[in-house]
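**Q** Full structure from sequences and hints, please.
As a plain string of letters, each chain reads:
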Amino acid sequence: MDIQPVILWTDGLIFALLAGVLVLAWGISRQEHLRAPWAAVGRRPMAMGAALVLGVFVVIGLLDSLHYREKLADSPVDKPQYSVEVLSAFDALVGTLRTRHEKTYSAPLAMHLYAKEFVDHDGQAVRAYPRLQFGGAHLRDAAERRPDLVRRSAIGMAQGLAASLLLFGVLAAWRARRTQVSLGEWLTRWGEGRLGWPGRTLVCMATLLLMLAGVLAHLAAGYHVFGTDKVGQDVLYITLKSIRTGLVIGTLTTLVTLPLAISLGIAAGYFRGWVDDAIQYVYTVLNSIPGVLLIAAAVLIVQGYIESNPELFDNAAARADVRLLALCLIMGMTSWTGLARLLRGEALKLSTLDYVDAARAFGVSHGRILSRHIFPNVFHLVLIAIVLDFSGLVLAEAVLSYVGVGVDPSMHSWGNMINGARLELAREPTVWWQLGAAFTFMFTLVLAANLFADGVRDAFDPRRESGR
Amino acid sequence: MTRMGISLLGTILFATTLFTTASLLTGCSDSWNSPYPGSAKQTKTVYSAFSERPKHLDPARSYSSNEVEFTGQIYEPPLQYHFLKRPYTLIPLTAEAVPKPRFYDAAGKALPDDAPSAAIAESMYEIHIRPGIRYQPHPAFARDEAGRYRYHALDAAALADKTTLADFAHTGTRELTAADYVYQIKRLAHPGLSSPIFGLMSEHIVGLKELGATLEQAARARPDAVLNLNDYPLAGAEVVDRTTYRIRIKGKYPQFIYWLAMPFFAPVPWEAEAFFAQPGMADRNLTLDWQPVGTGPFYLAENDPNRRMVLKKNPYFHGESYPADGDAADRQANLLADAGKPLPLVDEAIFSLEKETIPYWSKFMQGYYDSSGISSDSFDQAVQFSARGEPQPTDSMRDKNIHLITTVAASIWYVGFNMLDPVVGGLGADRQKLRQALSIAFDYDEFISIFLNGRGIPAQGPIPPGLFGYVEGVAGLNPYVYQARGKQIVRRPLADAKKLLAEAGYPNGRHAKTGEPLVLYFDTMASGPDAKSRLDWMKKQLDKLGVQLVVRGTDYNRFQDKIRKGNAQLFEWGWNADYPDPENFFFLLYGPHKKVGTGGENAANYDNPEFNRLFEQMKDMDNGPARQKVIDAMLEIVRRDAPWIYAYYPKSFGLRHGWVHNVKPNLMANNTLKYRRVDPALRERQREAWNQPVLWPIALMLGGLIALIAPAAIAWRRRERTTA
Amino acid sequence: MFAYLLRRVLYAIPILIGVNLLTFALFFVVNTPDDMARLQLGAKHVTPEAIERWKSEHGYDKPLLINQAAEGRAQFTDTIFFQHSAAMFVFEFGKGDDGRDIGTEIRNRMGPSLAIALPVFVIGLLVNITFALLMVFFRATYLDLWGVVLCVVLMSISGLFYIIAGQYFIASLWKLLPISGFAGGINGLPFILLPVLVSVVAGIGGGSRWYRTIFIEEIGKDYVRTARAKGLSELRVLFRHVLKNGMIPILTGAVVVIPTLFMGSLITESFFGIPGLGSYTIDAIQAQDFAVVRAMVFLGSVLYIVGLILTDLSYSWVDPRVRLQ
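Protein chains in written order, with our numbering: chain C, 2 to 469; chain D, 228 to 951; chain W, 17 to 341.
Treat the hints as calculated values from the structure; they're not laboratory data.
The calculated label-pair distances, taken between Cβ atoms and stated as ranges, are:
{"id": "1", "chain 1": "C", "residue 1": "GLY339", "chain 2": "W", "residue 2": "GLU108", "range": "32 to 38 angstroms"}
{"id": "2", "chain 1": "W", "residue 1": "GLN84", "chain 2": "D", "residue 2": "HIS397", "range": "52 to 58 angstroms"}
{"id": "3", "chain 1": "W", "residue 1": "VAL138", "chain 2": "D", "residue 2": "ALA942", "range": "27 to 33 angstroms"}
{"id": "4", "chain 1": "C", "residue 1": "TYR282", "chain 2": "W", "residue 2": "LEU21", "range": "17 to 23 angstroms"}
{"id": "5", "chain 1": "C", "residue 1": "PHE119", "chain 2": "D", "residue 2": "ALA564", "range": "33 to 39 angstroms"}
{"id": "6", "chain 1": "D", "residue 1": "ARG840", "chain 2": "W", "residue 2": "GLU108", "range": "53 to 59 angstroms"}
{"id": "7", "chain 1": "W", "residue 1": "ALA245", "chain 2": "C", "residue 2": "TYR282", "range": "46 to 52 angstroms"}
{"id": "8", "chain 1": "D", "residue 1": "GLN844", "chain 2": "C", "residue 2": "GLU71", "range": "51 to 57 angstroms"}
{"id": "9", "chain 1": "D", "residue 1": "ALA916", "chain 2": "C", "residue 2": "PHE119", "range": "33 to 39 angstroms"}
{"id": "10", "chain 1": "W", "residue 1": "VAL273", "chain 2": "C", "residue 2": "ALA138", "range": "55 to 61 angstroms"}
{"id": "11", "chain 1": "D", "residue 1": "LYS726", "chain 2": "C", "residue 2": "GLU71", "range": "25 to 31 angstroms"}
{"id": "12", "chain 1": "D", "residue 1": "HIS397", "chain 2": "W", "residue 2": "VAL273", "range": "43 to 49 angstroms"}
{"id": "13", "chain 1": "C", "residue 1": "ALA138", "chain 2": "D", "residue 2": "ILE941", "range": "55 to 61 angstroms"}
Each residue gets a CB set at the ideal place from its N, CA and C atoms; glycine is no exception.
**A** Next comes the structure, spelled out in structure tokens:
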């Protein structure tokens, strides 16, 4: 099928960020003293397990950032026309999950709607739970459901296990060859945890994830694994789509924060005097205004901009995307002050050290001192701040959506899901699956990020002894 | 014991104390979760809520329903709607009788009642007020022994210890006079009050516009002085004697009589305004805008808009009795049990601030609110449909003796087309067909079932049921969107829409010549949890035609701005009736009321000369077959032109507990609290039964804490022993 | 000391002006005075004349920042910005756009805000320190490890979940406490228990973990080793030295928060229907009541600056080596 690629603003930035991270990683891997702390992170089972989970989220997020528009079925060859609906590689991957809409709520793995309706039963209107259009549509009656679920889960699990065994075999063979030991010897080392990296944790985690993916894939093919929402959309699909929103907010915001925090924080600490005064002034002012107000104002300004330039944002995806970007920008603008303050203090301390004084006495330029002596010595602080902030930002999105200044209501996000789910909890019988799904995914992501951040912090911050 | 042990213990005790203090303080008398701790029981009190604080309680300013909910009980305009009768009927409230207008020509000569409207230059309403009506007790009326007003010349020292009206020791009252009504009409023109109906009324009441200009000049000349309205005459409102006043209206305006049942035309005593105008009052939030002074059955006893508002029975209320003239259905619904009893039937009404629907619903189910609306999310819990499709409360509701009240609101929701838009606007035949096609495609029958749980009626035109001009059943269907199948009204098939779309020049949603897809833009200010699913639904509707819809979500201001400038294409809007007359809906489509240019209420900017002509004819007619004929012709025009997609007339469903009586939804009357009766003993019993606290979670929590800490304590001991 | 305070207060003035200007700019980029008028006047039957009248009545018919038409000083003073901002520096907040006196409103709402924020602060501090000490005491055992994991788990749950779960279980399902609302005096107690409980629980994860690291850092210091070498029992070491010295960063870190407690919590208050300053701010933002928004931002920044000064003072108080200059 013909497609027209669409690069939304956040897509571009995400991939730029990815490229930046890859370049940085390459740079780090070539320098021994930079690599050492990362190697320390790599030795922590908890951190690496978390990293694997994070990786899965990131891959889904990246797939969901490859946008395109489909060509309309009957459009002329010479002048192709495209749908206004923007899809992503992820949508293409999950296929019918996106389009299989029921009428309204249905419980996870259900084959009936959640509310009674009048169903035409042998010419008589009877109040009953109507069958779903897609969920469990292949079943003849309710008795078949349980065996079918078990069968699908078992197949999924088996496939996941098989895949992971295969991967493990390849990995083992490869590592064994690389380290030039026999396969058996390598396996023994692996089993005893003597590999120098947390092989057991990673392999177990990967197996777990693959099995989960297998089960999900098999169940999702015939059912709505997390049920459906009010208009009958598959909640699993919505939750997965929300991953990208969470990741974008967590990462792009830091992209805004970093240049501001680093340049202003270090400048204030290093140059002191009026520069320090001016920068302190700016961040005290920013700090003393409630963040919600700044964010609300920014979101409204962007909306006004969108309204006055409708030709720039001709589809819903672009409009929602610009709002998301604006949210990242303004959250970055409000959250750089903390890190800047930290860096200022550190730069203040560093700039009084003897070797910096000496460098200054020899007439080394400010730029050189900053880049050679100051920045490398505060870099670990920056890194720690990035990983720590990430989870906070993902959580903040949910709160902002509640206040009504979060991402666009048409965008899939956990904040929007939670916001909607509050009303569903008041139903009787309770509709809990949308909240449950959002909770599970958000919790997993944030927990993984926090655990990873812990690992990074312990490895990079020399002062912090874990006391154990 | 060491300090470590103490802090351990402290943690254990934390949860315990939290709950036991609650039970100690309140548990002996109230349920633990009672939102009214320490309040008296078994009183004739109505428990209700307000979701946002009313902005204005000044009768010249309050307009929105959450404001009128209060002012309607406190202020008494000359007329009111009959509580039980349908169609809505005006009856006198403080007036002796419903006034009949007298008509005059340009020369001031009296005309007969059936004079043609063109000949009528002025209509005059003469209103007689019943004598002996007195205001609520209020410090503004308090006089000392010498007969001077006690609180009309207060200095800063006298005001120092006053923060609420209750701090004034003396109160007084006064008899209601016709002058108070005239005074209030003048207040509509007061520049400082910005009355929402000043613009509208200055078109109708003789001299009101001029009075507004004069007052504005006077206010400009002396910005700090208080305007004394008694010094400025109003040509269109004059006091005849103590209990009689006259209002003069330009031309003929039969709908004016309905305005006389709204708080805008309620009396305001000049003493109150003089009292609140004293320096220092406004700094204490003591203003007429916040402290109403009326003659009604209730007065505002407690005014804390951040928490609760309490209405109490007015001891000087002039007395009114419960209506006895209801029909058989009313009798069956037990609405006539109190016939002839003196009103009001309750002593007090407590309105608590409740911004969110979830706590409201929870408290209603726990018996702490007397009645509740039904949100779409609690619908399944509350309502089910009988085999014949009639809504009824579910078994769980019936177990709790909760009753369902349903009514069709005098409102309409519609999707408007901006008639100035080059794509969807214009009166040409192809544009008509495009709009008709879209009208069919937007399947509002489905919308009603998904989003409203069936609480709506698919609209057939601009006039909602219950108003003159609405035609019931298949006779009143919109033939461009619906068709009759027997006695059923069914939506035309999608094929019809596709055919119309092709005829409009967009076969399969593509422009016939260029082949470009038809992209439409839908503007909405919907936000919040539900909006997303609704907007997705919108898109799905046009997908059926191959037409692409782009939803542009925006905030209130931006939306209003777009509508005003005519930059929207499709938009969603609604209208609530001000009064039960079709004019109040048709004027939304009247050309000279266009939004763009004139700032009127015609948001679609629809302007069809034939319709305009019929509208001018219809608005002055009395209800009857002749008027129905004109209305039918008008309906045909707007259905064919389809400037709106007539979405639905909302039905409002409400629930009331078994201890609440005399509830009959009345969409026009706003003073129905006085008819309400409650059974406090039953309420008390039910509340107790429904609010037994569940205690095992506390035990579980404590157990969990101990399980968590016990191993720690053991480990600590062991360690102590090894180090020792 | 006095000179220091004076300097800090003088330094606050440009900050407050900056805050004011920023709020002002943000607000009027978003809302024109016309928008505000329309919002206040309602949706039905609003004429352009009515809007003009509302604007002149509320002083929004002037130019925003610079009045070209005026002469001399009036160029700056006869503007919306000056007219609406100058009085704030003497805490005269004037009236909200809905006609209610803001000063009175703030006084009325401070109590409910404090009734929630103060217990949350104090109980939160106590509970978090207790948990942190527990973990430190059992450091290097399974209790510490799982304690930290539990903290991270608790931290990873969105605050909204705590509120939703608290309301759902404790209030709706088990009927232990009222779901929302407020009352003055002793009657208010049942209303504040739930928000306080939820807020404290929501803060345990982050707080305990942070305090734990502070204590652990303290334990690694030389003087603690010396004390332990002298044969002091573990408990004594913990309370005598670690807790005492660890409290310095904890308390000084907490001082900055104390004045802002007055402002209440935006989210908690609006969920639980507490008529405090937090919900006042949210309502004002939603109702686009600029006068209130500006007053609240101003008050917030004043309290924030007071907090900063208090922090400095508390540093010099607990550590006499820090001199104020």
